[in-house]
Structure formats: C-alpha cells, structure tokens
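Trainee: Sequence:
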Amino acid sequence: MAVAKLERLTYWYPGAPEPALRDACLQVEEGLTVVAGPSGGGKSTLLRVFNGLVPHFHGGRIAGSARVFDSDITSTPTRELARSVGFVFQDPELQTVYDVVDREVAFGPENMGLPRREISDRVEEALNAAGIALLAARTVRTLSGGERQRVALASALAMRPRLVVLDEPTSQLDPRGAEIMLAAATSLVARGRSVVIAEHRLERLMPSARAMVVVDGGRVEGVDPGSWRRPPASGRVPRNAPPGGEVWSLAAATAAFGDRVVLAGVDLSGRSGEVVALCGPNGGGKTTLLRLIAGALAPLAGRVERRPVRIAYLPQNPTAMLHRPTVRAEVAMTLDRSREHDRPEAILEELGLTAVAGRYPRDLSSGERQRAALAAVLPGRPGLVLLDEPTRGMDAAARNALVGLVARLRDQGAAVVLATHDAELRAALADRVIEVADGSVSETVPEAASR
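Going by my numbering, 210 is the number at position 7 of the sequence shown; the sequence numbering is gapless.
Heads up, some of the hints might be wrong.
[Claimed, not checked] If you anchor each label on the Cβ, the simulated ranges turn out as follows: (1) R270 <-> P441: 49 to 57 Å; (2) D470 <-> S430: 22 to 30 Å; (3) G498 <-> N314: 39 to 47 Å; (4) R542 <-> S268: 52 to 60 Å; (5) A336 <-> R542: 45 to 53 Å; (6) T647 <-> E543: 18 to 26 Å.
Honestly, the hints are just simulated from the structure, not real lab data.
Where is the CB? At the ideal position from N, CA and C, for every residue including glycine.
Generate coordinates for the entire structure from the input sequences, incorporating the hints supplied.
Mentor: What follows is the structure, encoded as structure tokens:
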C-alpha cells in the first residue's frame, strides 16, 4: 500500500526564482524510507510536503500533485494531516509549546479531545519509547539540545500517527540517544506504521531501510538501498607546531542551570594551538562548560580565567544569532567589530557558501544555516574558538570543510574547544578528549590515538 504519492510535484518558496523541488515523482511504501542528499538539496522541503507545511505554512507556488493516505495535501488542512502524520523537525527548539516535558508531550492528544486517562497512557508510552521517562517533570528550557530532540519525538509518538517523519533526528544525540531514537523508529515499523527519515549519517539506518530516496538540487530519485556505501572517514589533520601557552582555565568551578547543579569542582585548561573535544551524554554539562569558558555563565564557585583574546562562540542553536539581511553581511559585521581586514568572501569560499552569500540566513537549510553561523563567528583570527555541536545538519563535504577551517585556526594559534558527538570530527582534530558527565570531567584517549 502506498503511504504517499507525488506526481510531477514542483514547489517554489515565496519569492524564490528557482524551485526547491523539481518535477518530483515518488511513491512511498510502508516500512522505513531513508532520505539522503547534500545540505540545501531539498530534503527538508520534501519532508514538509508529507504533513502539508509545504505549501500551507510556507506559502509559495506548487504544481503537480501530492497525496498522503489518500488525502490531497493542497486541499487538506494541516490540522487534519497531523492526525496521520507525526513530524520531528531539525530544530526541536522551534517545536515546543509548553514549558514542562510531560505537558508538552500531552499537547497533541489534548487537542484531539481524547479522554484524560487515554492521554496519560499515551504520554507514558511515548516518554518510554523515546527513553526520557525520567525527564517528565523537567522544564524544557533546562534540557540540552539532544534531550529536546527526544521530547519532540515523544510528542510525535503520543499522537500514534500512521506515518512518522523525522528530519535529521540524531544530529544532536549522544550514541545512546541515537540508538534509542532509531530503535523507536524501527519499532514503529515493526508495529505496522511507516517512517521516513532524512539523515546524513546512514550507517545505523541502512540495514533496516526498505527504500532510499536521494534529493539533490530539488531532484528526487529513488535508489536501491543495497547500493549505499559508507563514505571514507576524514583522516587525522597534522599540525604545523606544538601547542603554546595557556589561554583559558577553570579552577574548582561549579555551575548551575536554573536550580540544578550541572558541573561541580571542575579543573580544566586549554592552550593556544590546541583542540580540546568535549564528549559525553546529552544533558551531561558540555554546553554549560562551554558557556563557562566563554564567560556567558558565571560560576557559582571557583574561578574561570581567560587571556584577553577575541572569543568566537557558536551556540547549540545558531539560528538565534543570525539576524543580518544576508550571509555576507553576517561575516562583514564580525570582521568590522573585530577590526580585521579579511575579505568576507574568504571564509564563505572556505565553507562552500559563495552561492548563498546574498541570501537571508534564516531562509537556508539547517546545514547551510550551520555553516553560515560558523562563517559569522570564525572569520579573521579569533584567539579562543568555542563550538557547540558544529557539524549539526552537515553533509560529508561540509564537515570536511569545517575540519580544514578549524585546523587552520588551530595552526594560527587559536585555542579550540568542540562539544560534539561526532566521533569522526574528534578523530580528525582532537588533541585531548574530555568526557563531561554527572557533574564532573575526565580525560579519555583521543580516537585517532587509540587505533
């Protein structure tokens, strides 16, 4: 049975000269369908057709036809499609309504007018499936990005949809969280529901995939899942000089988020020309540690010291920092404020953003927005570079460009700290790997050195 069918579907976002989807013909069958392709190629647009956000929410022009469970998406309101199609966005920060986790997960069933007892059962079931039962009473604003991603999944599962659509669901998750997310997806398929997942890291998904779709330049093509091969990992990037003097340090530092102590008595430091990678479970304190180093969060106790250098800080949700009319203007503003004379085009070329330099940053795909935010904070010669999940939403080419950029900044003498679940990024760059969990930090052996 066909879950969804697109026939010669072409879609233009408002004001866009070129279509985001071009003459797409696709039939999605039951089971697990994997959607792959480069950043900005049209994957998210395709996924948003399935729940009617394209065209109802985004507007623009549409030609051809699209049906989901025999409902015409152009004539069916999104509130009706939401009963059959659950959706988890790339940016879970934009998906929450309530401030407490269990209330957020109950939102959909409440709007369906279900009895209170059934709502309670659905919330419990969904929280367990997403592996976040212990977070039920937590306020959403105190959660890490990965924890919010799993709350978004639970919210979708509570609706018990026939089709679940996941847009890069593991981009911010630790290995355990990614396992739970993908186990939930395969469990849905085993129970007779259908799942469509867009991802860049496909190795865990392909053994279970019934179908694969590649979206590139708006073109949609079905391919044999058996033909997929994992791309080769980036190699270790050699350095041109040993690390220098200390740039930042924490001495017995304790920090809290809200009324919860996240880090306690941390002693840690970093040197110029050194890359320190932070790993550990979602909610373990990596983002809090970065904010301490940056000076964005004051310690409850202990001491934080930094040399007087320019700090480049990429937060976990980079969209919040993009507010200029074009990507080029974002870069130019940083260079102007830091009184550096580099051309904005230099870093735009380095990160593969030349083609979108004149675009409004918030109109870009998630992966392109991530690169735009990196371009906005990293031009010139910062002395301290702090990046929170920098490869979120990135394809292999974009990750390789980031590796090259960070290696260049390191060799120019920047002290770099990366909070990341990306093992390949750590293997390519990390001089030291610090695990952050349960309020403390401990040093582990970098992946490249342990092989």
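Trainee: Each hint: holds or not?
Mentor: Against the structure, the hints:
| no. | hint | in the structure |
| --- | --- | --- |
| 1 | R270 <-> P441: 49 to 57 Å | holds (54 Å) |
| 2 | D470 <-> S430: 22 to 30 Å | violated (50 Å) |
| 3 | G498 <-> N314: 39 to 47 Å | holds (42 Å) |
| 4 | R542 <-> S268: 52 to 60 Å | holds (55 Å) |
| 5 | A336 <-> R542: 45 to 53 Å | holds (52 Å) |
| 6 | T647 <-> E543: 18 to 26 Å | violated (35 Å) |
Of the numbered hints stated above, those contradicted by the structure are hints 2 and 6, listed in ascending order.
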